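2 protein chains.
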Amino acid sequence: MAGTDHAQGRDWHGPQPVFVLVRPQMGENIGAAARAMWNFGLEHMRIVDPRDGWPNPAASATASGAARVLDQVRIDATTAQSVADLTHVYATTARPRELTKPVLSPQEAMEDARARIAAGERVGVMFGPERAGLENADVVLANTIITVPVNPAFASLNLAQCALLVAYEWGREVLPVARPEQKHRPANRVEVTRLLEALEARLDRADFYRPEHKREHMRTTLHNMFYRLDLTEADIRILHGIHRALADRHPTRE
Amino acid sequence: MAGTDHAQGRDWHGPQPVFVLVRPQMGENIGAAARAMWNFGLEHMRIVDPRDGWPNPAASATASGAARVLDQVRIDATTAQSVADLTHVYATTARPRELTKPVLSPQEAMEDARARIAAGERVGVMFGPERAGLENADVVLANTIITVPVNPAFASLNLAQCALLVAYEWGREVLPVARPEQKHRPANRVEVTRLLEALEARLDRADFYRPEHKREHMRTTLHNMFYRLDLTEADIRILHGIHRALADRHPTRE
Chain A
2 MAGTDHAQGR DWHGPQPVFV LVRPQMGENI GAAARAMWNF GLEHMRIVDP RDGWPNPAAS
62 ATASGAARVL DQVRIDATTA QSVADLTHVY ATTARPRELT KPVLSPQEAM EDARARIAAG
122 ERVGVMFGPE RAGLENADVV LANTIITVPV NPAFASLNLA QCALLVAYEW GREVLPVARP
182 EQKHRPANRV EVTRLLEALE ARLDRADFYR PEHKREHMRT TLHNMFYRLD LTEADIRILH
242 GIHRALADRH PTRE
Chain B
2 MAGTDHAQGR DWHGPQPVFV LVRPQMGENI GAAARAMWNF GLEHMRIVDP RDGWPNPAAS
62 ATASGAARVL DQVRIDATTA QSVADLTHVY ATTARPRELT KPVLSPQEAM EDARARIAAG
122 ERVGVMFGPE RAGLENADVV LANTIITVPV NPAFASLNLA QCALLVAYEW GREVLPVARP
182 EQKHRPANRV EVTRLLEALE ARLDRADFYR PEHKREHMRT TLHNMFYRLD LTEADIRILH
242 GIHRALADRH PTRE
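So the sequence lines, in the order shown, correspond to chains A and B. Okay, so the first sequence: first residue is 2 according to our numbering, each after it adds one. Okay, so the second sequence: first residue is 2 according to our numbering, each after it adds one.
Since copy identity is lost for identical chains, a pair holds within one copy or between any two.
No farther apart than 16 Å at their CA atoms in a straight line, the calculated lysine to aspartate or glutamate pairs in the EDC-like style are these:
(1) LYS102 / ASP113
(2) LYS102 / GLU182
(3) LYS102 / GLU136
(4) LYS215 / ASP205
(5) LYS184 / GLU99
(6) LYS184 / GLU234
(7) LYS184 / ASP231
(8) LYS215 / GLU201
(9) LYS102 / ASP231
(10) LYS102 / GLU234
(11) LYS102 / ASP236
(12) LYS184 / ASP236
These aren't lab readings, by the way, just hints derived from the structure by calculation. Keep in mind the model is a prediction, meaning the values are calculated, not measured.
Here chain A stands alone, though its shape is the one from the complex (with noise of 0.2 Å):
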């Protein structure tokens, strides 16, 4: 399948940020983080100092069809060298810290890491071990902060619900919604005034507007809804059927 969705001019094969698991925990855990990046069309991850050393067959089990991502993955002793090679660097946390950095939400950053990335930089996201999060000596190596807006009476998104949102606000730019051709085309205007025509030749037939002060009203609203509805082409021979249907079975004055 295409990897370019040429109506947006935008490759999203090409470069991408790199996420940052930083002192992760559970291999389940670093496996869902990349099943959530994967299904973004994210597969750079990189590992600082996992709990559990490397490699971890509950990551790669948990990874399963994302596999892709672990066997790119690479493995760092320390948050300094992981990030070494980066020029700009986002730092998710949940509670606000004492250091001065700009807080962006995630949409706002990854906005900002696609004009980074488009200028030629090298982006990363870190991401903190499950329990406690990512502890200021690693803060300080980002230039900015990505806070998620959430429920200040309840916080409690973990890694890899961490990853898949910004791993979705990354997608949502450049990724495609896929919406299937639609198998019948909208009804233009005439088609519903040539149903309209039909409907109330019947409905005369059947002394439908009455009393005759209330015509005019009640073929107006008959009218406004009728035009008002989405209908699709479909849908009109539909109707049509409906009522020729209905008025056989029930003759008037034909």
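Guided by the hints, dock chain B onto chain A, whose structure is given.
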């Protein structure tokens, strides 16, 4: 804490979409969906014909801090019953369907939902069972389809992830990003100018600007850098101190 983001004029404790889980299988996934919802302030869940009945201890255990969602859950026998009172329903699907339905991204759908809710509509989002997704008989009941823009080569969002993304898109316009008040204010231009003047005086005494014909270019480059960086008043003070300390330890013709 305040539930109203006054700056946006929105009360995110107000009317919200209902999330309808259709024939979900595993309790853990129901609990995870509850957490996904409550992370973004959504608390109205309905479940159609859960495979393992109700209540479900695995769901409650997984929901944990999002228990309030399950406490309010409504169980229905059929999808039609579950959406009966709603005026606009979105069906989440991964693969295109043969049915004529408009297809929106999560962002477009939640923008549409917010407008409808503001106009007094009752809105719901349907999510299908883990393995097969919604059946066409469920999708038929919807007005609109939501499809997440994903990697065509790997589209594997599960129930909780799908719910997370739609809930996130709902919240994105109504929940505030927690931007902590920055402890230090940005420096203004004259503070940068004073730093440069002090620095250049020291650099001149250290014969930094040599050879003479390169002086203007070097000064322009230095000025450009300091004016470009987003320095805070604290940064300026630190830099003054650094320059002073360096010059004092390496005194030149003062």
